[in-house]
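Q: Counted from 1, the first sequence has number 115 at position 116 by numbering that gives the first Met the number 0; the numbering is strictly sequential.
What the hints contain is simulated information worked out from the structure, not anything from laboratory work. Heads up, some of the hints might be wrong.
[Unchecked claim] Below, simulated DSSO-like cross-link-like pairs (lysine-lysine); rule was C-alpha separation at most 30 Å, straight line:
| # | residue 1 | residue 2 |
| --- | --- | --- |
| 1 | Lys-72 | Lys-55 |
| 2 | Lys-40 | Lys-72 |
| 3 | Lys-72 | Lys-41 |
| 4 | Lys-82 | Lys-72 |
| 5 | Lys-82 | Lys-40 |
| 6 | Lys-41 | Lys-53 |
| 7 | Lys-55 | Lys-41 |
| 8 | Lys-55 | Lys-40 |
[Claimed, not checked] If you anchor each label on the Cβ, the simulated ranges turn out as follows:
| # | residue 1 | residue 2 | range |
| --- | --- | --- | --- |
| 9 | Asp-50 | Ser-79 | 45 to 55 Å |
| 10 | Arg-280 | Arg-259 | 12 to 22 Å |
| 11 | Arg-287 | Glu-260 | 16 to 26 Å |
Glycine included, C-beta positions come from ideal geometry on N, C-alpha and C.
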Amino acid sequence: MAHQGEPAKLRWGELEEDDGEDLDFLLPPRQVIGPDENGIKKVIEYKFDEDGNKVKITTTTRTRKLANARLSKRAIERRSWPKFGDAVHEDVGARLTMVSTEEILLERPKPLGAKTEEPKNAGDPLAQFQKGAVLMVCRTCGKKGDHWTSRCPYKDLAPPSEGFIDKPAAADAGAAAAGATKGAYVPPGMRAGAERTTGSDMRRRNDENSVRVTNLSEDTREPDLLELFRPFGPVSRVYVAIDQKTGMSRGFGFVNFVNREDAQRAIGKLNGYGYDNLILRVEWATPRAN
DNA sequence: GATGAGCGC
0 MAHQGEPAKL RWGELEEDDG EDLDFLLPPR QVIGPDENGI KKVIEYKFDE DGNKVKITTT
60 TRTRKLANAR LSKRAIERRS WPKFGDAVHE DVGARLTMVS TEEILLERPK PLGAKTEEPK
120 NAGDPLAQFQ KGAVLMVCRT CGKKGDHWTS RCPYKDLAPP SEGFIDKPAA ADAGAAAAGA
180 TKGAYVPPGM RAGAERTTGS DMRRRNDENS VRVTNLSEDT REPDLLELFR PFGPVSRVYV
240 AIDQKTGMSR GFGFVNFVNR EDAQRAIGKL NGYGYDNLIL RVEWATPRAN
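Make a model of the complete structure from these sequences and hints.
A: Here it is as structure tokens:
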């Protein structure tokens, strides 16, 4: 850009200020020269600056013909590709990119609990994510990685957790699951590992094998606990203490296992386990005072 | 640091 006469520097806010007078008709017309064989095009314009001086503005541009010479052959070739997606219906000229509004469906990874069978007695239930020294699992996508639940890319796609229904365990449900459709609701008494007691022998509540879990993050909920503890064996109850006043988690909860050995294994594995950016404490619970 | 809701027959 070349200036002639007073090269007055226009400041912001003064660009179009002309005191209401439009004296542009006094200026020479705009001239366009070129483009020449090198693709150079010149545009000469005249303007009044803030002091009323006439200013000549020469703009030199390089047309695509030359610009292309600086592009790779591949890039030039891409320009001739047919448009696709939203660009088909829109005149985007030579633009190579545009914002698309096309829906892209992301495949959601299987939740932690969606293993084909209860890995009871199947070695280490945490082996699937026990590679690093520190174990952290995102509660939303179930992946060990560099993000937590709040930053999980699938956070907004996640449907509500599947809750408490204990699916019939294919391996050991035996007669209880016979004839039952896969994934169908199974009444508590018929669930895998449930006590086969009847009538007067049936206890009201099973508070056996109660494991206390503390240092839970405030947004850990019961389905999350179930998901975390279920790989160790059938879980009869999960509970997260909620502050009645605020509705927020009090940061601890309980998990009851049907089998004491499973509870013991869960304690052994999950105590000190990194979950949702906190280190869990998992211990035997002292029986509830009543 | 921390130990749960509900109970009506």
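Q: Next step is simple, just say for each hint if it's right about the structure.
A: Now for the hints, and whether the structure bears them out:
For the given pair, Lys-72 sits about 38 Å from Lys-55 by alpha-carbon distance, which is inconsistent with the 30 Å threshold. Annotation: proposed proximity of Lys-40 to Lys-72 holds, straight-line Cα distance about 24 Å (limit 30 Å). With a CA separation close to 27 Å, the supplied pair Lys-72 and Lys-41 stays within the 30 Å bound. At roughly 19 Å between alpha-carbon atoms, Lys-82 and Lys-72 fall within 30 Å of each other, so this suggested pair holds.
A threshold of 30 Å between alpha carbons decides the hint, and for Lys-82 with Lys-40 the separation of about 29 Å falls inside it, so the pair holds. This hinted pair checks out: Lys-41 and Lys-53 have alpha carbons roughly 19 Å apart, not beyond 30 Å. For the hint pairing Lys-55 with Lys-41, the CA-to-CA distance comes to about 12 Å; that is within 30 Å, so the pair holds. Proposed proximity of Lys-55 and Lys-40 is supported: the alpha carbons are some 16 Å apart, at most 30 Å.
Separation of Asp-50 from Ser-79 is about 50 Å and conforms to the stated range, judged on CB atoms against 45 to 55 Å. The hinted range of 12 to 22 Å is satisfied by Arg-280 and Arg-259, whose Cβ atoms lie roughly 19 Å apart. Restraint check, Arg-287 to Glu-260: a C-beta distance of roughly 22 Å satisfies the suggested window 16 to 26 Å.
Checked against the numbered hints given earlier, this structure breaks only hint 1.
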